[in-house]
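Trainee: These are the residues of each chain, in order.
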Amino acid sequence: MLNITRRRGERIVLGDDVFISVLEVSGQTVRLGIEAPRSVRVYREEIWLEVKRENEAAAAGAGDAKLPVDVPAPIKRDGETSRSVAVTRPDPRG
Amino acid sequence: MRLVIESPRFGRVEIDPESVIEFPDGLIGLGGSRWALLTSDPSSPFKWLHCVDDPSLSLPVCDPHRFFADFSVQVTDEDGERLGLDERTQVDVYVTVVAAERLSDFTANRRAPILVWNGHGHQVINQAPGNDLRAPLFAEVATAAAGGAS
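Chains as they are written, first to last, in this note's numbering: chain Y, 1010 to 1103; chain H, 6 to 155.
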């Protein structure tokens, strides 16, 4: 692993278009600013890891291919399947 | 012309190329750029999201709205912008399901739903509160099982 020491206000560059800035250092906490092309997905590692594990668990399943067909799906909906999605800016400090 | 994949789970499966869903970013941590939704019984609440590029990958999914009355999806505006998604976009929503021996142990990932529209799919991080990574799909069954009433 590459180790780089940076001070507040300094940046590192990944490739030609990903910039990571050290915005603030306070005790055990570092605030980073990330500028990347829109196509680059940015996750907190723990979220990425738990979703990856859950995807793997779903793919592994109960072993066989049997899913119950006749199960109680509490909410019956016929017809409409499409939904809209809310888009919001989360708390920037979150 | 139809696509044929040799699925370890289902054997030989023919897929209509029209029904292939492009996932430019794959599923989170799993990859796979082309997937198809398979079902053997249209009335089942479950479908299989099957990878076309890697036939060893398939995941059961369901429409969360069929199971959770309070389900909603909210994405960050970065994701909205990246995916060309806004409040007017009509999407199909799926969540991955971890199947188990007993219904009471089935869970769905409400935290990272899969949105499908215009032949494209994206797995996103749901910002709406109260969306667990492992939400019991059959909460009533699970409650009864926990209470010993099975």
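Just so you know, the hints here were simulated from the structure itself, not pulled from any lab data. Source: prediction; values computed, not measured. Glycine residues also receive a C-beta, built at the ideal position from the N, C-alpha and C atoms. Do not rely on the hints blindly, as some may be mistaken.
What the hints assert, rightly or not - Restraint ranges, calculated between C-beta atoms of paired labels, are given here: (1) Y:Gly1042 <-> H:Ser48: 25 to 35 Å; (2) H:Pro47 <-> Y:Glu1019: 37 to 47 Å; (3) Y:Ile1056 <-> H:Arg107: 21 to 31 Å; (4) Y:Thr1014 <-> H:Pro47: 51 to 61 Å; (5) H:Arg107 <-> Y:Ser1048: 25 to 35 Å; (6) H:Glu27 <-> Y:Arg1053: 21 to 31 Å; (7) Y:Ser1035 <-> H:Arg17: 41 to 51 Å.
To be verified - Heads up, simulated DMTMM-like pairs for lysine to aspartate or glutamate below, C-alpha to C-alpha not over 20 Å straight-line: (8) Y:Lys1061 <-> H:Glu92; (9) Y:Lys1061 <-> H:Glu86; (10) Y:Lys1061 <-> H:Asp84; (11) Y:Lys1061 <-> H:Asp46; (12) Y:Lys1061 <-> H:Glu27.
What the hints assert, rightly or not - For the chain Y half of the interface with chain H, some residues (derived, Cβ under 10 Å), not all of them: (13) Val1031; (14) Glu1033; (15) Gly1036; (16) Arg1050; (17) Val1051; (18) Tyr1052; (19) Trp1057; (20) Ala1066; (21) Ala1069; (22) Val1094; (23) Val1096.
Trainee: Do Gly1042 (chain Y) and Ser48 (chain H) keep their Cβ atoms within the hinted range of 25 to 35 Å?
Mentor: Roughly 50 Å apart at Cβ, these two residues miss the hinted range, so it is violated.
Trainee: Check the hint pairing Lys1061 (chain Y) with Glu92 (chain H) against an upper bound of 20 Å on the C-alpha distance.
Mentor: violated, 27 Å
Trainee: Take the C-beta atom of Pro47 (chain H) and the C-beta atom of Glu1019 (chain Y), compute their distance, and say whether it sits inside 37 to 47 Å.
Mentor: violated, 57 Å
Trainee: Given a hinted range of 25 to 35 Å, is it respected by the beta-carbon distance of Arg107 (chain H) and Ser1048 (chain Y)?
Mentor: Since Arg107 (chain H) and Ser1048 (chain Y) have Cβ atoms about 42 Å apart, the given range 25 to 35 Å is violated.
Trainee: Does the CB of Arg1050 (chain Y) sit less than 10 Å away from some CB of chain H?
Mentor: holds, 6 Å
Trainee: Is the interface hint satisfied for Tyr1052 (chain Y)? The criterion is a beta-carbon contact with chain H at less than 10 Å.
Mentor: holds, 7 Å
Trainee: Going straight from one Cα to the other, do Lys1061 (chain Y) and Glu27 (chain H) come out at no more than 20 Å?
Mentor: holds, 19 Å
Trainee: For the pair we were handed, Lys1061 (chain Y) and Glu86 (chain H), check the Cα-Cα distance against 20 Å.
Mentor: violated, 23 Å
Trainee: Holds or violated: 21 to 31 Å for the Cβ distance of Ile1056 (chain Y) and Arg107 (chain H)?
Mentor: With Cβ atoms ~28 Å apart, the hint holds.
Trainee: Does the nearest C-beta of chain H fall within a distance shorter than 10 Å of the C-beta of Gly1036 (chain Y)?
Mentor: violated, 27 Å
Trainee: Lys1061 (chain Y) and Asp84 (chain H) were given as a pair; does the straight-line alpha-carbon distance stay at or below 20 Å?
Mentor: holds, 18 Å
Trainee: Can you verify the interface hint for Val1096 (chain Y): is its Cβ closer than 10 Å to any Cβ in chain H?
Mentor: The hint holds - Val1096 (chain Y) has a Cβ within 10 Å of chain H, the shortest such distance being about 4 Å.
Violation of the numbered hints given earlier is confined to hints 1, 2, 5, 7, 8, 9, 11, 13, 14 and 15; the remaining hints are satisfied by the structure.
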